[in-house]
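**Student:** Going down the list, the protein sequences come from chains A and B.
Sequence positions in the first sequence follow the working numbering and run 16 to 124.
Sequence positions in the second sequence follow the working numbering and run 1069 to 1390.
Derived by calculation from the structure, the hints in this document are not laboratory data.
Only a predicted model underlies this, so the values are computations on that prediction, with no experimental measurement involved.
In this text, a Cβ means the ideal position worked out from N, Cα and C, and glycines have one as well.
Any given hint could be a false lead.
As a list, the in silico DSS-like pairs of lysine-lysine whose alpha-carbon atoms are at most 30 Å apart [stated by the list, open to error]:
1) A/Lys97 / B/Lys1279
2) B/Lys1193 / A/Lys35
3) B/Lys1193 / A/Lys97
4) A/Lys20 / B/Lys1168
5) B/Lys1193 / A/Lys111
Covered stretches of chain A, as calculated for chain B (at least 3 residues, CB under 8 Å) [as the list claims (entries may be wrong)]:
6) 36-50
7) 82-96
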Amino acid sequence: MASEKVKTFTDNNFDDETSKGVVLVDFWAEWCGPCRRLAPTVDALASEFDGRATVAKLNVDENPSVPGRFAVRGIPTLLLFKEGQLAETIVGLRAKEDIAQMIERHLGA
Amino acid sequence: MADRNVVIIGSGPAGLTAALYTARANLKPLLVEGLEAGGQLMLTTMVENWPGFRDGIMGPDLMTEMRAQAERFGAEVMQGNVMKVDLQSRPFTMTFANGKSVTTDSLIIATGASARWLEIGSDRKLSGHGVSTCATCDGYFFRGRPIAVVGGGDSALEEAIYLTRFASKVTVVHRRDTLRASKIMQDKAFANPKIEFIWDSEVADVLDGGKGEVESIVVRNLKTGQQTTLPLDGVFIAIGHTPNTSLFVGQIDLDENGYIRTHAGSKTNVEGVFAAGDVQDHIYRQAITAAGSGCMAALDAERYLEGLSHHHPPEAALQTTT
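Here chain A stands alone, though its shape is the one from the complex (with noise of 0.2 Å):
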């Protein structure tokens, strides 16, 4: 269902993914509804920002250790990262346009 804008990432590969540039990633699971209505929200972010910033998608499920190295006790949580650093943290339901502008002020700093 996910747009294939939308990366990936795992517990394997995500300091390698995060490392470089703006980079949005939504914990989510399957059971949580309101991760379900985020993820539509999360897709049309992946497609505005494309070649700009990466957004991607992680469970929590399946990846425990990220969650539990970010303290990320609730989902869903969106985690922005800015050359491999944590820059911004939203729990919950957020409108996208809110999202958008928090991406792009980190693009343009």
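Starting from the known structure of chain A, fit chain B onto it as the hints suggest.
**Tutor:** Structure of chain B alone, referenced to chain A:
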């Protein structure tokens, strides 16, 4: 001429039932989903009191079905958020987060209610790091760990029971010495060996010890004033809901708790604006009563539109401008 006969804001049982009925009346409704699309049932698991499903139905599945049913009859469901409404001039105008707007001859407000937080600040700060208002979303993160549930109603006990699948122990903290929850939920909770109760108490603070993750809560006994610290890893808040009416302040008559006042069915004080579901109901708050009131709002809107001289014939209503 308005873009629409009827716009519905909200996509829980009230909004989707209003969409189903207005679609079947050939009014070509536009339904704006809102941020918490699908409403509160999206946060539940098995719904056992929706008539017609003797073995229960999963909340998110029920909402998927309701939405598909409304769409089948021509309701247009739009992702997005209404940021502003103008109910002072006619037709009414809704402006969306993306800056676009739509005008409509009638409006059905079904924006529902959202989970209430404690009024202590530290709970919101630690949201996603041990504090949650959604057991089905976040229970998973507390496998083998002690947690607390705050509240004494049906949803609090339902969350507590659900969370015993993961947690080593669930402590229910409740302000009174009796529960508001239904007898069947109370029996289930009392029989569960993992659930304990702290009565007559409130959560005074949530502490993280500077680690950015919940470490303990401070519980204050309301009768003795005594405070105790309870070490745990998670807190689930189930102390009720607040209506989502900030959009309408100053334009629609609200009661002292922020709920929309309705009269003679689903009518608000503004002619042509109707309200359904939890946004106007702090008493029943059931999926089935929300759906019922959504139906009422649809029939009331239909009758209102029939009375308007410039009401579009169904053919004209086919044009969309969003």
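**Student:** Take the hints in turn and mark each one as holding or not.
**Tutor:** The hints, checked one at a time:
1. A/Lys97 / B/Lys1279: The hint holds at about 22 Å.
2. B/Lys1193 / A/Lys35: Holds, at roughly 29 Å.
3. B/Lys1193 / A/Lys97: With a Cα-Cα distance of about 23 Å, the restraint between B/Lys1193 and A/Lys97 holds, given a limit of 30 Å.
4. A/Lys20 / B/Lys1168: holds, 26 Å
5. B/Lys1193 / A/Lys111: holds, 22 Å
6. 36-50: Answer holds; 6 residues pass the 8 Å Cβ test.
7. 82-96: holds (count 8)
Comparing the model with each numbered hint stated earlier shows that all of them hold.
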